[in-house]
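Enquirer: Spelled out, the chains give:
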Amino acid sequence: MKLLKLAYRNLWRNKRRSSIMLAAISVGLAALIFVWGFIDGMNEQTIENSTTYLTGHIKIHKTGFHNDKALYLTLPQNSVLQRRLLKNSHVIAVTPRIEDQAMLSGADEARGVKVVGVDPQLEPEVTTIAKAITNGRYLQANDTNTIVIGDKLAERTGLKTGDKAVLVTQARDGSLAADRFKVVGLFDSGIDIIDASHVFIPLPAAQELYSLWGQITAWVLRIDNRQHAGDIAQQLKTEIGSGFEVLGWKQLLPEMVQMIRFHEIISYIVVFIVIVIVAVGVTNTILMAVKERTHEFGIMLALGTSQNQIIQLVLLESFILGIIGLLAGNLIGLSITHYFSSAGIDLTQYTQAMETMPGLTGNVYPLIRLDHVLLVSIATFTISVLPALYPAWQVSRLQPVEAIHGVVKSTTHKVWHWTKKSASSTQLLFWRIAFRNIWRNPWRSALTSGATAFGLAAFLFLYAFTDGFFEQMIDNSTDFLTAHVQIEPQGYRDELSPSLYISQPENILSKLQQYPSMVAAAPRIQVESMISSPTKTEPLILTGVKPDMETQVTRLHNVIIKGEYLKANNKSDIVLGKKLVEKLDLRISEKVVVTTQLADGSLGSAAYRLVGVYQTNNEIFDRAYGFIGLQQAQSLLAMPNRISTIAIRLQKRDLSQSTAINLDKILAGSQYKAKSWQQIMPVLVQMIDVTRLMFFVVLAIVFVVVAMGVTNTLFMSVMERTREFGVMLAMGTEPRLIVRMVVYESIVLGLIGIVLGIIMGWLLVLYYSDGMDLSGFSGATSTIPGLTDIIYPVLIIDNIWLPTLILFITGVVAAFYPALRGARLSPVVAIRHV
Amino acid sequence: MSIVRLEQVIKEYHQDSISVQALRGIDMTIDKGEFMALIGPSGSGKTTLLNLVGGLDIPSSGKIWIADKEIGKLNKRELSMLRLWKVGFVFQEYNLIPVLSALENVEYIMLLQKIPDQERRQRSMAVLAEVGLQGLEHRRPQELSGGQQQRVAVARAIVSEPAIVLADEPTANLDSSTGAALLDLMRNLNERHQITFIFSTHDPMVMERAKRLVQLKDGKIVSDNKKSG
Ligand SMILES: Nc1ncnc2c1ncn2[C@@H]1O[C@H](COP(=O)(O)OP(=O)(O)O)[C@@H](O)[C@H]1O
Ligand SMILES: [Mg+2]
Chain W
1 MKLLKLAYRN LWRNKRRSSI MLAAISVGLA ALIFVWGFID GMNEQTIENS
51 TTYLTGHIKI HKTGFHNDKA LYLTLPQNSV LQRRLLKNSH VIAVTPRIED
101 QAMLSGADEA RGVKVVGVDP QLEPEVTTIA KAITNGRYLQ ANDTNTIVIG
151 DKLAERTGLK TGDKAVLVTQ ARDGSLAADR FKVVGLFDSG IDIIDASHVF
201 IPLPAAQELY SLWGQITAWV LRIDNRQHAG DIAQQLKTEI GSGFEVLGWK
251 QLLPEMVQMI RFHEIISYIV VFIVIVIVAV GVTNTILMAV KERTHEFGIM
301 LALGTSQNQI IQLVLLESFI LGIIGLLAGN LIGLSITHYF SSAGIDLTQY
351 TQAMETMPGL TGNVYPLIRL DHVLLVSIAT FTISVLPALY PAWQVSRLQP
401 VEAIHGVVKS TTHKVWHWTK KSASSTQLLF WRIAFRNIWR NPWRSALTSG
451 ATAFGLAAFL FLYAFTDGFF EQMIDNSTDF LTAHVQIEPQ GYRDELSPSL
501 YISQPENILS KLQQYPSMVA AAPRIQVESM ISSPTKTEPL ILTGVKPDME
551 TQVTRLHNVI IKGEYLKANN KSDIVLGKKL VEKLDLRISE KVVVTTQLAD
601 GSLGSAAYRL VGVYQTNNEI FDRAYGFIGL QQAQSLLAMP NRISTIAIRL
651 QKRDLSQSTA INLDKILAGS QYKAKSWQQI MPVLVQMIDV TRLMFFVVLA
701 IVFVVVAMGV TNTLFMSVME RTREFGVMLA MGTEPRLIVR MVVYESIVLG
751 LIGIVLGIIM GWLLVLYYSD GMDLSGFSGA TSTIPGLTDI IYPVLIIDNI
801 WLPTLILFIT GVVAAFYPAL RGARLSPVVA IRHV
Chain H
835 MSIVRLEQVI KEYHQDSISV QALRGIDMTI DKGEFMALIG PSGSGKTTLL
885 NLVGGLDIPS SGKIWIADKE IGKLNKRELS MLRLWKVGFV FQEYNLIPVL
935 SALENVEYIM LLQKIPDQER RQRSMAVLAE VGLQGLEHRR PQELSGGQQQ
985 RVAVARAIVS EPAIVLADEP TANLDSSTGA ALLDLMRNLN ERHQITFIFS
1035 THDPMVMERA KRLVQLKDGK IVSDNKKSG
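First to last, the sequence lines map onto chains W and H.
FYI, in my numbering the residues of the first sequence are 1 to 834.
FYI, in my numbering the residues of the second sequence are 835 to 1063.
Every clue listed holds true.
Counterexamples of contact, computed for chain H against chain W with all Cβ distances above 10 Å: (1) H848; (2) A901; (3) G969; (4) N1022; (5) V1056.
Derived contacts from chain H toward chain W, CB cut-off under 7 Å, selection only: (6) N885; (7) L890; (8) D891; (9) S914; (10) L918; (11) F923; (12) Y928; (13) V933; (14) I943; (15) D951.
Source of the hints: derived by calculation from the structure; they are not laboratory data.
No experiment lies behind these values; they were computed from the predicted model shown.
Yeah, the Cβ is synthetic: ideal placement off N, Cα and C, and Gly gets one too.
All chains, full assembly: derive it from the sequences and hints.
Expert: Right, here's the structure in full:
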């Protein structure tokens, strides 16, 4: 007990040092709690929205349906199974569904959609799309051919409530089926994927459309606790017997689960960075505190205090600080997180990019997860107490006489005489003093610049990683698909409709010939359509190209893995992506039928022969696109001599924006517009912005912690040298020179840290220059347009010099506080200080 | 010719609401070339008096002139300049800047005074030789013995030819023969260069060599004896 009192008083005695340490612990901890809360909130929102709006918690299919989605894998719609499911006490509600693809035609547009046939009464007990109706009404019990669609889809197809829409699809028997539906309601779930591509119709109407009378494709369940979906699915599986696949949401949404895992890895990295830096700050402080009191410990030893008691005292002191830091950090972190968990963090500026992550909207509501709070608390506490062990152990080995005599002599390291030349100005001398002071306590300096270096290296690497990520995304997107600039009719990008076209492409093409930075240009037609094999139907963005010109602009012909690319004068050939070919279950030279809506609103379709399969390794490219000859597309769409866009390749990608502006001037007066890749893929640009934003958060945290570390070290080194400063002041050194000296030290420390950090970060990047294989998260990365599973980190100087500079300045500015403390010392008091 | 003059000097320290009168009315004049010792028991005010005379601190009341400047009227910067040009200090221990060599420690003051490279170098080397440290110029303080360190401190204090050199118990941490040698050195310098030295001490050896002894008790002067010769 006496020891406790002593420890407590010791902490009070040096309030400033104690508060520096407290600040390091509590700010670090608070930052960790908040960052993790933010990421957890994002993940939770993703899961919650995706499951409650659409997917449900558990689905039951006929065995094999999940992988194949074939309409012969159906279940009878009988209430026996339904009742048996409801017997399980965890199951709250069960509803039947038919889920498949179709093409939705509105007044002027057609889109590939996911059709969900639902029981209008049971469905709202399982999912909540009915609550998201913003216009009109939800489906009702005795509706026949009614449909509700997402607001985004309504916008793109031009449909309004009250309009008639047509669903065209392939029925169970392989025949083409179509039916008319009346739009009775629009919904807005805030989730892009749902709002832009899902439609809901009554189950009987779906059974009629797909020729699935009395059949369904899935039972969808809501259970009492989503966390236990896996276990409950397992239970149900044994309860209902064989022939079924029972899938929890994690299996139903594997890409989401992988994305969440990806987020979690990023959280762990951030946690790791912060913890390392905090640990260094705390270690420094404790080492210093112990060293400063050597004399005192000597006296205690001489008075008969046992060595164990001294160890206990030192440990107790850091223990008390750790506890207080823990409480303060939790208090700050939890209150901030709690505040934002109800207020939300407004990222609506980046809505589009956020919504590419399924289930996310523009507002993020951080979530406090007790297990994570506990984990970071324990980690922070441990690193704030652990560093005390070493100095405590050192103290216990002190000889009382030596200790009383004063400082443990720092004779352990040799004095290096770099130069015998004397400095020719105070400036030079102070630099020299700064260098030597840093060398004087090499461990402490190493820890501090090491922490700076570590923070910077980690940051640089993360940055390089994401830059690699984005470079690849942009490169692949422009190389395979969008090219650098496209010229297209005004408004075309939002509609992809054959009613918007360029009528005399030759004129524009010839004008382009003179444009200096242009490498090649190719005319194209692009429309939304539906592609059917004998057994399956999938949505398709059909692209008509002139093979000889297209190959000058994009490089898809380089990634053909089976068959060959389109020939210049082919009759009816089509090239498809690997994923789509797998989904359609196709082989080379088999026939497919493509159906699309013409400019006059009628449907057109034509048969093509598969001649080639490409693989970009990007999920979307490999699944959503198909290429035919331009003439074939023109004849399918009944638009001879017309095209939708002209894709342009430039000498350098960087020229896209300026070129688009220049071309717009050339095109002034026409209804055509030039669009850079940034305008063609705004989502990509926003995604880059979001990631940058996240990085700024990480950066800010790293800065705060580094600044605290530097202040801490310099502060201690100033306090240690109180007497020395006293002597300098007595000899007539002006206080501002003392400030300068300390600031020089921080500059040297900062430079060492930054150079080391850049080298470390650069080496890491170099090490991974052959690519980082993320196939473990393949679902998560390759669903992002343009991205594959292998990321090649790149250091882009333009992106990193500023953060590096800011980090350096932060460190130097942080030095001013201790520097001023040193300069404001009264010489009389300072000299009395031993 | 007086170099330091004190008139009714009182110094009070305030610490945690208790105030201590360290000096209670000191009147004194010190002439150029004196070799003077302040003696008295611990806590009698010796250090306080030296600090005031060196312009490290200002009196609570009363007046002090150093080289014809009244220090109560100077601001911090001017005090700093006064110390730089007029005063040299030798403290009891840890006098030197540990990261600088003996030579650099001596040169430090002249660097602040912006004395040209060559002159600075020459004078520093000469002074170090004069205090008997030839060949040890490039050693760091931790590579020197206690007596050698004090010699460097003395060299540094006199190198820029100040009006007064103040030494607060300079021999307290030295063995007696080393202490005696240091004192002989200072005495020598005093005689050859007419530098004014003021000591505080407990050391009988110092008292023996001093030409004037001022005895303090409880912040007052109780005796002031000049030796002749
Ligand atoms: N900075 C200070 N703050 C408070 N009290 C002080 C301070 N400096 C000296 N004193 C007090 O003033 C008195 C004289 O001290 P000092 O001049 O150091 O005596 P000496 O040097 O003769 O031992 C003592 O009582 C001492 O405690
Ligand atoms: Mg004293």
